Amino acid sequence: MEIEVKPQFMTVTELNRLVREEIENNPYLTNIWVKGEIFNLTYHSSGHIYFTLKDEGAAVSAVFFRNYNKNMKFRLEEGMSVLVLGGLTVFEKRGSYQLNAMSVRPEGAGELQKRIEQLRKKLMDEGIFDPAHKRPLPFLPKRLGVVTSPTGAALHDIIKVALRRFPNIEIVVAPAKVQGDDAPGSIARAIRELGRPQWGVDVIIAGRGGGSFEDLMPFNEEVVVRACYNSTVPIISAVGHQVDHPLCDDASDAFAPTPSAAAELAVPVRTDLEDEIKYLVNRMNMALSSGVEKLAARLAGTASRKVFRDPYEIINMREMLLSDTESRMAMHMQGVITSRKERLLHIPDITMLEKRILMEKRHLFSMQLQAIEKLSPMNIMARGYAVVTGAGKKIIKSVEKIKAGDKVEIRFYDGLASAEITSAAKEK
Amino acid sequence: MEKVKKSAPKPAFEEALAELEEIASRLESGELGLDDSIKQFEKGIQLAAFCHKKLEEAERKIEILQKGGSDVVARQVAVKSDTGEIEDDEDMQGSLI
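As you go down the protein sequences, you meet chains A and B in turn.
Each residue of the first sequence is one higher than the last, beginning at 1 in our numbering.
Each residue of the second sequence is one higher than the last, beginning at 1 in our numbering.
These are computed hints drawn from the structure, not numbers from a lab.
Only a predicted model underlies this, so the values are computations on that prediction, with no experimental measurement involved.
A hint or two may mislead.
[Unchecked claim] In the DSSO-like style, the derived pairs of lysine-lysine whose C-alpha atoms are separated by at most 30 Å in a straight line are:
#1 B:K67 <-> A:K142
#2 B:K43 <-> A:K142
#3 A:K160 <-> B:K61
#4 B:K67 <-> B:K80
#5 A:K54 <-> A:K70
#6 A:K142 <-> B:K53
#7 A:K278 <-> B:K43
#8 A:K278 <-> A:K294
#9 A:K142 <-> B:K61
#10 A:K134 <-> A:K121
#11 B:K67 <-> A:K177
#12 B:K43 <-> A:K294
#13 B:K53 <-> A:K160
#14 B:K39 <-> A:K294
#15 A:K278 <-> B:K54
#16 B:K54 <-> A:K142
#17 A:K134 <-> A:K122
#18 A:K177 <-> B:K61
#19 A:K160 <-> B:K54
#20 B:K54 <-> A:K134
#21 A:K93 <-> A:K70
#22 A:K426 <-> A:K394
#23 A:K160 <-> B:K80
#24 A:K35 <-> A:K70
#25 A:K278 <-> B:K53
#26 A:K177 <-> B:K80
#27 B:K61 <-> A:K134
#28 A:K35 <-> A:K54
For reference, chain A alone in the conformation it holds in the complex (with noise of 0.2 Å):
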């Protein structure tokens, strides 16, 4: 007879509840990492995200739920090589299980990296880093803004550099944190903050000093990247760093390795735009000296040859020229005079330069005077030439037009005299 043993049995639910506590109790099972990549992946509108795990030979599902995803700082893509952190589940009502995931990073690119990447895609499809946005810098800033730690070894560097390259400048340090979570926000109220026209800045040095690339995240975070290309006045990126650009450097004016060299972008060297002020002048004053010497010479030779043809009749013309000429240079002098002596009053310190283009002015117009002063035919009498008039004033230029008897003047140059020809011959 055969006896039938009932084989020993566990139901579904017995068996799926106790592959369920395997897995779940399992400390191998629970808190691992798992590498592969992303496949149909849903982001649902309940915030969870679902995805299949893949690599060559296998797959399982997973899902990321929305309490533990809604930190996550990049967007899961299909195809894209992934770490998740994460505990097997089972569902005993299909027999299935899937991952739990906890945390997904990118694998291969840091998460940072990944980060910046999208964010850096994103900002340009939005036209943030649009060169055409760009602006100049002042070329003489009045006042400059910095935002950076209070208390780092960037805001010091900024700060020497431009005092020594620019001794009275004026600095507004809106002073921020540069580093932990709470850096971005203050970087880009600092920024705000100094963009208000009651600061009166018209340039912003934003940065701090080098540091690991994760101490350089704020500057890679949309708040400041979008606080520099908002910033009103002009803005300087400083961000010390060896390789990678942040991308507040593009979304900036312009930007600088390191905060010393933004201070040098920001700042002119004041002593080389006082040198090239008094290169400008010194040519200004050969040009005007060679000028006036050539004019010079020029009157003189043509007066010179008049003066003898025909003294007398241009007597009247020269000495209106003259004294015209001299009232106007008079007048000229005075007013030159008068504006620099106000000059003087109210500049207290009148630079040097100031002085010497003063002493080189009057002794352009010493010159100037000089040089007319040749052209006057009372000059040319006063070397021994006399002008002799007869009946009418008339000038007598001819021996043929007197004889014996003729009462005449004669014009010296310092006078008048009277006089009777004794005399009269042609010669031969």
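With chain A fixed as given, assemble chain B onto it according to the hints.
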């Protein structure tokens, strides 16, 4: 808001310097008569004085912004020129805005 009537904007330093350069070149070209030369020269001297004035306009001053009640206020600080260090920075940490 009361509007303040603005006077014509004064030429900026950069423009004044560029104009000075132009005048120097014009004088050097020898195209101008004596009268014009002197006028231009005078203008150039004025521009040079203006540029100098602009360079002297700023008064060396370092200010730190900090919270003053609900407002932000500027506090002037002394610095060491050689190192750029702020001399009275004991309460810098609390000066974030």
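Each hint tested on the structure:
In summary, the hint linking K67 of chain B to K142 of chain A is supported, as the alpha carbons are separated by about 24 Å, within the 30 Å threshold. For a cut-off of 30 Å, the pair hint linking K43 of chain B to K142 of chain A stands: about 25 Å separates their Cα positions. A distance of roughly 13 Å separates the Cα atoms of K160 of chain A and K61 of chain B; the hinted pair therefore holds under the 30 Å criterion. Our distance criterion of 30 Å between C-alpha atoms is met by K67 of chain B and K80 of chain B, whose separation comes to about 24 Å.
Distance restraint check for K54 of chain A and K70 of chain A: the Cα-Cα separation of roughly 23 Å lies within the 30 Å cut-off, and the hinted pair is therefore satisfied. About 12 Å separates the Cα atoms of K142 of chain A and K53 of chain B, which keeps this hinted pair within 30 Å; it holds. Straight-line distance between C-alpha atoms of K278 of chain A and K43 of chain B comes to about 15 Å, which keeps the hinted pair within the 30 Å bound. Proximity of K278 of chain A to K294 of chain A is assessed by CA-CA distance (about 25 Å); at most 30 Å being required, the pair is judged to hold.
Proximity of K142 of chain A to K61 of chain B is assessed by CA-CA distance (about 11 Å); at most 30 Å being required, the pair is judged to hold. For a cut-off of 30 Å, the pair hint linking K134 of chain A to K121 of chain A stands: about 19 Å separates their Cα positions. Taken as a hint, the K67 of chain B and K177 of chain A pair is honoured in the structure, with Cα atoms around 14 Å apart against an allowance of 30 Å. Restraint check for K43 of chain B and K294 of chain A: the C-alpha separation of about 22 Å stays at or below 30 Å, so the hint holds.
Restraint check: the Cα-Cα separation between K53 of chain B and K160 of chain A comes to about 24 Å, which is no more than 30 Å; the hinted pair holds. At most 30 Å may separate the alpha-carbon atoms for a hinted pair to count; K39 of chain B and K294 of chain A meet this at roughly 18 Å. With a CA separation close to 15 Å, the supplied pair K278 of chain A and K54 of chain B stays within the 30 Å bound. Using a Cα cut-off of 30 Å, the hinted pair K54 of chain B and K142 of chain A holds, with the two alpha carbons roughly 9 Å apart.
For a cut-off of 30 Å, the pair hint linking K134 of chain A to K122 of chain A stands: about 19 Å separates their Cα positions. Simply put, K177 of chain A and K61 of chain B have alpha-carbon atoms about 23 Å apart, close enough for the 30 Å limit, and the pair holds. Only pairs whose Cα atoms come within 30 Å are accepted, and K160 of chain A paired with K54 of chain B is accepted, the gap being roughly 22 Å. For the hint linking K54 of chain B to K134 of chain A, the alpha-carbon distance of about 26 Å falls within 30 Å, and the restraint holds.
At most 30 Å may separate the alpha-carbon atoms for a hinted pair to count; K93 of chain A and K70 of chain A meet this at roughly 28 Å. For the suggested pair K426 of chain A and K394 of chain A, the alpha carbons sit about 20 Å apart, so the restraint of at most 30 Å is met. Restraint check: the Cα-Cα separation between K160 of chain A and K80 of chain B comes to about 8 Å, which is no more than 30 Å; the hinted pair holds. A C-alpha spacing of about 21 Å is found between K35 of chain A and K70 of chain A, which places the hinted pair at or below 30 Å, so the restraint holds.
Proximity of K278 of chain A to K53 of chain B is assessed by CA-CA distance (about 14 Å); at most 30 Å being required, the pair is judged to hold. Restraint check for K177 of chain A and K80 of chain B: satisfied, since their Cα atoms lie roughly 23 Å apart, inside the 30 Å limit. Using a Cα cut-off of 30 Å, the hinted pair K61 of chain B and K134 of chain A holds, with the two alpha carbons roughly 28 Å apart. Between K35 of chain A and K54 of chain A the CA atoms are separated by roughly 8 Å; this keeps the pair inside 30 Å, and the hint holds.
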